[in-house]
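Protein chains in written order, with the working numbering: chain V, -14 to 323; chain L, -14 to 323; chain G, -14 to 323; chain E, -14 to 323.
Derived from the structure by calculation, the hints contain no laboratory data. It is possible that part of the hints are untrue.
Same chains, same label: a pair holds when it works inside one copy or across any pair of copies.
In silico DMTMM-like links for lysine to aspartate or glutamate, alpha-carbon gap of 20 Å or less [unchecked claim]: (1) 245 to 311; (2) 7 to 17; (3) 74 to 157; (4) -9 to 52; (5) 116 to 211; (6) 319 to 157; (7) 136 to 90; (8) 55 to 100; (9) 319 to 200; (10) 243 to 45; (11) 71 to 322; (12) 55 to 45; (13) 32 to 163; (14) -9 to 100; (15) 116 to 320.
These are the residues of each chain, in order.
Protein chains: 4
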Amino acid sequence: MIVTIKRNSNPVQIERLTRWIKNLGLECHMSEGEKSTVIGLVGDTSKVDIDLLRSLEIVEAVTRIQEPYKNANRKFHPDDTIVDVKGVKFGGSHFQIIAGPCSIETEKQVIGIAEAVKAAGASVLRGGAFKPRTSPYAFQGLGLKGLEILKKASRETGLPIVTEIMSEKYIDAFADVDIIQIGARNMQNFDLLKAVGKLRKPILLKRGLANTIEEWLMSAEYIMSEGNNEIILCERGIRTFEPYTRNTLDLSAIPLLKEKTHLPIIVDPSHASGLSRLVKPLSLASVGVGADGLMIEVHNDPQHALCDGAQSLRPDQFADVVKAVDVMLPLVNKERDK
Amino acid sequence: MIVTIKRNSNPVQIERLTRWIKNLGLECHMSEGEKSTVIGLVGDTSKVDIDLLRSLEIVEAVTRIQEPYKNANRKFHPDDTIVDVKGVKFGGSHFQIIAGPCSIETEKQVIGIAEAVKAAGASVLRGGAFKPRTSPYAFQGLGLKGLEILKKASRETGLPIVTEIMSEKYIDAFADVDIIQIGARNMQNFDLLKAVGKLRKPILLKRGLANTIEEWLMSAEYIMSEGNNEIILCERGIRTFEPYTRNTLDLSAIPLLKEKTHLPIIVDPSHASGLSRLVKPLSLASVGVGADGLMIEVHNDPQHALCDGAQSLRPDQFADVVKAVDVMLPLVNKERDK
Amino acid sequence: MIVTIKRNSNPVQIERLTRWIKNLGLECHMSEGEKSTVIGLVGDTSKVDIDLLRSLEIVEAVTRIQEPYKNANRKFHPDDTIVDVKGVKFGGSHFQIIAGPCSIETEKQVIGIAEAVKAAGASVLRGGAFKPRTSPYAFQGLGLKGLEILKKASRETGLPIVTEIMSEKYIDAFADVDIIQIGARNMQNFDLLKAVGKLRKPILLKRGLANTIEEWLMSAEYIMSEGNNEIILCERGIRTFEPYTRNTLDLSAIPLLKEKTHLPIIVDPSHASGLSRLVKPLSLASVGVGADGLMIEVHNDPQHALCDGAQSLRPDQFADVVKAVDVMLPLVNKERDK
Amino acid sequence: MIVTIKRNSNPVQIERLTRWIKNLGLECHMSEGEKSTVIGLVGDTSKVDIDLLRSLEIVEAVTRIQEPYKNANRKFHPDDTIVDVKGVKFGGSHFQIIAGPCSIETEKQVIGIAEAVKAAGASVLRGGAFKPRTSPYAFQGLGLKGLEILKKASRETGLPIVTEIMSEKYIDAFADVDIIQIGARNMQNFDLLKAVGKLRKPILLKRGLANTIEEWLMSAEYIMSEGNNEIILCERGIRTFEPYTRNTLDLSAIPLLKEKTHLPIIVDPSHASGLSRLVKPLSLASVGVGADGLMIEVHNDPQHALCDGAQSLRPDQFADVVKAVDVMLPLVNKERDK
């Protein structure tokens, strides 16, 4: 960590600062230039409060050199982490496709979709039982009842399941869920992160809609610092000024994350754009940038024939995406378990 | 609500859509142009799922005309809401200053600051017991012990207190807190919003760092839809591309909110910029745009003489801000209770 | 165009507004609801000043239904535009790779790179003679002398060239340039757009770093409204809050643009991220989303051995990208001219 | 400047880098830690190409310590610059209000407004002759004819004038313009910046809609590096995700700029929000944060009675803003020339 001191700063304050740094068990390397003095902090700086340092009157700038995350850091764990979900492996050369309905509505609907996506190549079933909705007047999901339907669909098809948790109070109810999803809006719900960190169960951690890659890895670090290392990251678009898409899918994040962390990372092209007709091109792009998998919304409820063209694909459209993905996987040295 | 249909759309799909709309109890006004057909939805559209409509294959665009919030909407409640906190009034012509330390550290520290800010003009004491920190390795606050210290400072000084809740599991522990704060990162923690909505106690709802004004009002609506109308909104800066400030304080939001909602709104100039030397100019600006109050960080702990110039002001600097604010208040027809 | 009128508006003002609309040659369809009145404007609304309408006291919201661009609009020109650059075709089923150095430095450098990228599969040579630099103290490019070097490299290799123009005053000097590039910072330099619109020569129009897709198409419309329809759009990343990449490449924009416009669109993965190691994955992703080509920075100057790992690839790395792209093109029904 | 080297980097590459740095006339201070090596560059680093450094394979991060701007830097010019426009002074304790119509339409209109705003307290007249419009079909301004009208209004009222230049080709035509405005879209039109830098005439430099404070100062530096130091900066809002306002006015930028530069800075509250009813609160806020002046749109053309409530104020509304500003100025130790 590098601290730049403003010129003409009071030597007493500088002295006080270096004493404080040394009390944290760090070494101070001073280097005085004409216009400014620079202090290099050497040692384990992950516990230094960078905001505090930045706010000091005598400090011009603080630069972190070591990343603030450790457990999630590829520097310290060079090999890819493989997250194993009942034999379905995320990471390394594996490529997985998670699919299912946005919201769980009826048993018939979910089992129908589960069978269809399994036949088309999905290895994990998704489905929303608890739905984070901007409006209190919008459908909030079936809740615990939805969870039961999802588990039944899992038993019928043999597909492991992933579904979103919105509060610590449901931790027990999620005991049989194979992968617990932390949604974008809860990426910095730190109590929830700590709670799932205490589990020994795969966590799908979505990126917050306005969170940096570093903050995202720090949220993974929250979970890992409690002992749970089975984390799958999921890019789902960030908020920008562009109104034509609901969010802007940040595909550059995937190769960058591959450098910075050993955790597997998948892409959700359905939520990012909010437009089903973008799902196929964005899926192929996700394979191209090196993602470890996809999470795609699929529906087949005849009640919703209305929704043709929604964020969700029909099973035949989903099968078409899987086929195209399969052709592409060898180019990136990935393989889909079959 | 206006739905624009793509040209050359299948009449059968249009017919299915209008039937679906009518089933929601709404009227459909069709208007066919050369390039597109427009359907006007008349009636209570707050329950229409706009995302669903937008995703239909035949739909080009959907425009909401009515705001999606009702309880928070000034149209339906033209008069300012006054939130009364043990006699300290937020809203209308009242102007309040909340002050206190960022983190609660010791009883001596908090009581010292509480006395100082009370003397300088603060009417509510703030202090963080539970701290949302990006890093799991950063100080997370004293928790329940911090809460006890804060309550003691309240008893000693008579100042009501405000502090942040980070999880529903602490609802009972916050029983004696006068104003419960929902922080920026939890603005869309919907289970937490519903939980505080069930209380009959003032809630300070901070704007999420990447949330629109409409989403913010929808979060207020979550609380109000559970029956709790005592909400104070707090602007604290939004995330932009500008790196010189931690966040960009969106002061235009205040006069806009004054049109859209009847709820009181205050400004937190300390968190927005992360720089104590911006607190005074941004406080005056907040008065200028018509805010109902300020929330300012103040410290006096000699242990932290180190922190001169931090996001927190010293008590004498805080007193200077209050004096400047007082001179300005008559210009905007506001008055600080004394 | 739909204009929503505030409730309780003065009927005299509404009457004045409808008269004004009719004077523009448009029809007014009024539809009165309980909470608001809606006016539908029918006819050619592209000349209506939407900002003016929005700013009226009685107006709550204005929604455009027709896109504000015509010449660039696929609705009116369903077939793909093919831009032909000396036989090198952009658009349709064609896929082209533009390559070359960031800055033109010496004849030897440029000819060396030109030969290398041609051998590897590039069909157009790029090179910066005039460089838009944030700092006046940074290298501004060789200017006209650089242009001469680039033209010489074109003669030697037979590759057509593309280079950036920064001011109308150089229009004549660019007479022999095959494709004139408008850079991101000049995307809304309207005088420059009009000037190149008067030419009959292909224009490469980069997206501004904070411009929406619609604004970008409006800039294309500026050029087309002067009679020049040979436009190649180039996505190069937008400005977001994420600091790890220089810009966020918006790949969702490509399939969206394919719906909205008939113009060809390519991607510049070198500038977007600023990191050469992201060029290959982002190139594959660009093919996946359906781009019509790539623009890639390549260097080979031994003077810059220093720059290993920069935004520019070495020729061997570039050849490796082309090979991977070639394997992928059949999946998206594209072919690279050979 | 601090360069952090990746661990396990090739010593030959490090050696090559340090030799290159020394060739630039800089000293290299090496400091080796366990996880990384840090090189401190000492000397005049303003000519170091930071993008080049960042792109090196062995480089993890580069941190600038010295600002990249010199002429605009308060460190080297501690005293406020006072820009004198025919006796109207910008900067120091002076406060000026620029007012006038958005677009120049007729002589009668402009002279009418000029007289009205002068009477109300404006010291400079603004008016758009060349209008940067997103659409080629929107009114582009009267051009040179508009300039003549503006000059006539200046002669009649004695008010100096400011108007926007959109291309270098009009430099001569702007010879009699008192302050030449560079608009937001041209903030990084570097040829135009250099051209106005060669003049000896005040330049009003607006912030680009997605430009950082540092980039803005670098654009000022472009002008100053050509010898023209008479620059007035103008904040007019930045692009964010918030749709309720056209742009988000970044008022924190003003006190920050006051630290970083000696140049005067004013605020344009009319363009930022696009809503006339926000002009008054944002004007008061601008005074509160320490701005040196305001630029406000005023209209009075009866042809535009239609536009009530637009971005422009009526003269009586403008007079009301000036009165409120006047009451506030003593609080910030500013005075409006009368």
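Going down the list of hints, with the structure as the test:
Within a single copy, residue 245 and residue 311 get their C-alpha atoms no closer than 27 Å, and across copies no closer than 29 Å, so neither meets the 20 Å cut-off. For the homomeric pair residue 7 and residue 17, the shortest alpha-carbon distances inside one copy (18 Å) and between copies (18 Å) are both at most 20 Å. For the homomeric pair residue 74 and residue 157, neither the shortest alpha-carbon distance inside one copy (25 Å) nor that between copies (42 Å) is at most 20 Å. In this homomeric assembly, residue -9 and residue 52 come within 20 Å of each other (Cα to Cα) only across copies, at 12 Å, whereas the closest approach inside a single copy is 24 Å.
Proximity of residue 116 to residue 211 under the C-alpha cut-off of 20 Å is restricted to the inter-copy arrangement: shortest distance 18 Å between copies versus 26 Å within a copy. Proximity of residue 319 to residue 157 under the C-alpha cut-off of 20 Å is found in neither arrangement, the shortest distances being 35 Å within a copy and 51 Å between copies. Taking identical chains as interchangeable, the C-alpha atoms of residue 136 and residue 90 lie at most 20 Å apart only when both belong to the same chain, with a minimum of 13 Å there against 46 Å between chains. Taking the closest pair of Cα atoms, residue 55 and residue 100 never come within 20 Å of each other, the shortest separation being 41 Å inside a single copy and 42 Å across copies.
For the identical chains of this complex, residue 319 and residue 200 are neighbours neither inside a copy (28 Å) nor across copies (39 Å), given an alpha-carbon limit of 20 Å. Proximity of residue 243 and residue 45 under a CA criterion of 20 Å is satisfied inter-copy only: 16 Å between copies versus 33 Å inside one chain copy. Only within a single protomer do residue 71 and residue 322 lie at most 20 Å apart by alpha-carbon distance; the minimum there is 13 Å, versus 47 Å between protomers. With identical chains, the CA atoms of residue 55 and residue 45 are at most 20 Å apart between copies only, with a shortest distance of 17 Å across copies and 27 Å within one.
Taking the shortest Cα distances, residue 32 and residue 163 never come within 20 Å of each other, neither inside one copy (34 Å) nor across copies (33 Å). For a Cα distance limit of 20 Å, the shortest separation of residue -9 from residue 100 qualifies neither inside one copy, at 65 Å, nor across copies, at 33 Å. For the homomeric pair residue 116 and residue 320, neither the shortest alpha-carbon distance inside one copy (32 Å) nor that between copies (43 Å) is at most 20 Å.
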